[in-house]
Amino acid sequence: LSAPLSLDFGSMYSPHAPGAEYHSVVHPGGQAPKVEAFDANARGGMSRATFDLPNNGKWTRAVSLGLLTDDLPVIAIQDTIAGGGDRTWQLNLMTDELRTAEGPRAVGQPFTLPAGITALEMTGQRWAKHAAQGIDGMLYLVTPTPRPVEIAAWKHNWHPATEQYQFQRANERGFEERQLLLRVKGDGSLRAILVPYYKGQKPTDLKVMLEGDQVIVSAGGKSLRLTQDGRMQTPH
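Be aware that the sequence shown starts at 1, since it is given in our numbering, and climbs by one per residue.
The reader is advised that the hints may include incorrect statements.
Stated by the list, open to error - Below, computed lysine to aspartate or glutamate pairings styled on EDC-like, alpha-carbon distance capped at 16 Å:
1) Lys-58 - Glu-97
2) Lys-155 - Asp-187
3) Lys-58 - Asp-39
4) Lys-202 - Asp-86
5) Lys-222 - Asp-70
6) Lys-155 - Glu-121
7) Lys-155 - Glu-211
8) Lys-58 - Asp-229
9) Lys-129 - Glu-172
10) Lys-185 - Asp-229
11) Lys-222 - Asp-71
12) Lys-155 - Asp-96
13) Lys-185 - Asp-86
14) Lys-185 - Asp-96
What the hints assert, rightly or not - The calculated label-pair distances, taken between Cβ atoms and stated as ranges, are:
15) Thr-69 - Leu-210: 17 to 25 Å
16) Asp-86 - Tyr-165: 31 to 39 Å
17) Lys-129 - Met-209: 32 to 40 Å
18) Gly-108 - Arg-169: 16 to 24 Å
19) Ala-161 - Pro-54: 38 to 46 Å
20) Gly-174 - Ser-47: 23 to 31 Å
21) Val-63 - Pro-104: 27 to 35 Å
22) Gly-83 - Lys-207: 17 to 25 Å
23) Leu-210 - Asp-8: 27 to 35 Å
24) Tyr-165 - Gly-83: 22 to 30 Å
None of these hints come from the bench; they were simulated from the model. Note that this is a predicted model, so its numbers are computed, not measured. Every residue gets a Cβ at the ideal spot worked out from N, C-alpha and C, and that includes glycine.
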């Protein structure tokens with residue numbers, strides 16, 4: 001959709017973020033990744049790998065991409081943790097606000113995800129030169145048990161002069177890179193389904209449902225299915 005949805009912490013030189021706290025990752029981080037599956041086709045693809053964790057733990061991450069329509073992508077991140085112990089699941093989001101059915105969720109104010117599917121509406125940042133002024137989206141979190149959640153934030157406003165000038169020309173504002181950081185705590189598995197769309201153009205019939213261990217995403221009379229191991233059945 002030609003607009004940023006999530007970036008790694010991208011400061012130049014300073015501030016430096018050597019740990020996991022500002023990156024999209026399960027913390028503590030893994031070692032010795034083993035790619036187990038990869039698939040690509042005209043309407044999407046997937047990749048799955050397993051990482052060794054301390055104390056004989058395992059972290060398996062499957063990332064999938066599918067297109068319901070040419071302007072409605074579906075991105076799935078599905079994590080399974082084995083080996084016990086609390087983990088913190090983290091995701092950077094280039095959004096100005098996250099909302100649940102109860103309203104906006106403030107930075108630094110924890111809340112709890114119920115078991116099942118929780119929908120969070122993402123209000124994306126404005127990009128002046130983008131045809132739709134940027135993107136918004138929905139984030140669906142699928143958890144087998146209730147999970148504590150908090151929203152943090154980070155930003156920086158320094159880059160070399162050339163990049164600052166390019167940013168100002170493209171966005172009609174001074175350079176600033178900022179993101180919300182979603183943190184979900186707990187053990188076991190977590191599935192995140194992101195559905196970005198052009199700003200202000202949320203499909204009225206967008207739905208995400210559970211059917212057994214499969215997640216079904218539908219809109220515009222089309223649907224796709226996600227298995228827990230990352231496989232995605234895309235519309236044709």
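Structure-based check of each hint:
1. Distance hint between Lys-58 and Glu-97 is unfulfilled; the C-alpha atoms sit about 33 Å from each other, more than 16 Å.
2. Proposed proximity of Lys-155 and Asp-187 is contradicted: the alpha carbons are some 29 Å apart, above 16 Å.
3. As the CA atoms of Lys-58 and Asp-39 are separated by approximately 22 Å, the hinted pair breaks the 16 Å bound.
4. Taking the CA atoms of Lys-202 and Asp-86, the gap is about 35 Å. The hint is violated against a cut of 16 Å.
5. Note on Lys-222 and Asp-70: the hinted pairing holds, with a Cα-Cα distance of about 12 Å set against a maximum of 16 Å.
6. Restraint check for Lys-155 and Glu-121: not satisfied, since their Cα atoms lie roughly 21 Å apart, outside the 16 Å limit.
7. Between Lys-155 and Glu-211 the alpha-carbon distance is near 39 Å, which puts this suggested pair outside the 16 Å criterion.
8. As the CA atoms of Lys-58 and Asp-229 are separated by approximately 14 Å, the hinted pair is consistent with the 16 Å bound.
9. Restraint check: the Cα-Cα separation between Lys-129 and Glu-172 comes to about 8 Å, which is no more than 16 Å; the hinted pair holds.
10. Taken as a hint, the Lys-185 and Asp-229 pair is broken in the structure, with Cα atoms around 21 Å apart against an allowance of 16 Å.
11. Under the criterion of a C-alpha separation no larger than 16 Å, the hint pairing Lys-222 with Asp-71 is consistent with the structure, at around 13 Å.
12. Distance hint between Lys-155 and Asp-96 is fulfilled; the C-alpha atoms sit about 12 Å from each other, no more than 16 Å.
13. Between the alpha carbons of Lys-185 and Asp-86 the distance comes to roughly 7 Å, so the proposed pair stays at or under 16 Å and holds.
14. Restraint check for Lys-185 and Asp-96: the C-alpha separation of about 22 Å exceeds 16 Å, so the hint is violated.
15. The hinted window of 17 to 25 Å between Thr-69 and Leu-210 holds, with their beta carbons roughly 23 Å apart.
16. Our hint of 31 to 39 Å for Asp-86 and Tyr-165 is violated, since their Cβ atoms are close to 45 Å apart.
17. Under the hint 32 to 40 Å, the C-beta atoms of Lys-129 and Met-209, about 37 Å apart, fit the expected range.
18. Distance hint for Gly-108 and Arg-169: a CB-CB separation of about 34 Å, inconsistent with the stated range 16 to 24 Å.
19. Separation of Ala-161 from Pro-54 is about 43 Å and conforms to the stated range, judged on CB atoms against 38 to 46 Å.
20. For the hinted restraint 23 to 31 Å between Gly-174 and Ser-47, the CB-CB distance of approximately 37 Å leaves it violated.
21. Restraint check, Val-63 to Pro-104: a C-beta distance of roughly 28 Å satisfies the suggested window 27 to 35 Å.
22. For Gly-83 and Lys-207, the hinted distance range of 17 to 25 Å is not satisfied, since their beta carbons lie about 34 Å from each other.
23. Roughly 30 Å separates the CB atoms of Leu-210 and Asp-8, a value that falls within the hinted 27 to 35 Å.
24. Checking the proposed 22 to 30 Å range against Tyr-165 and Gly-83 shows it is violated: the Cβ atoms sit about 48 Å from each other.
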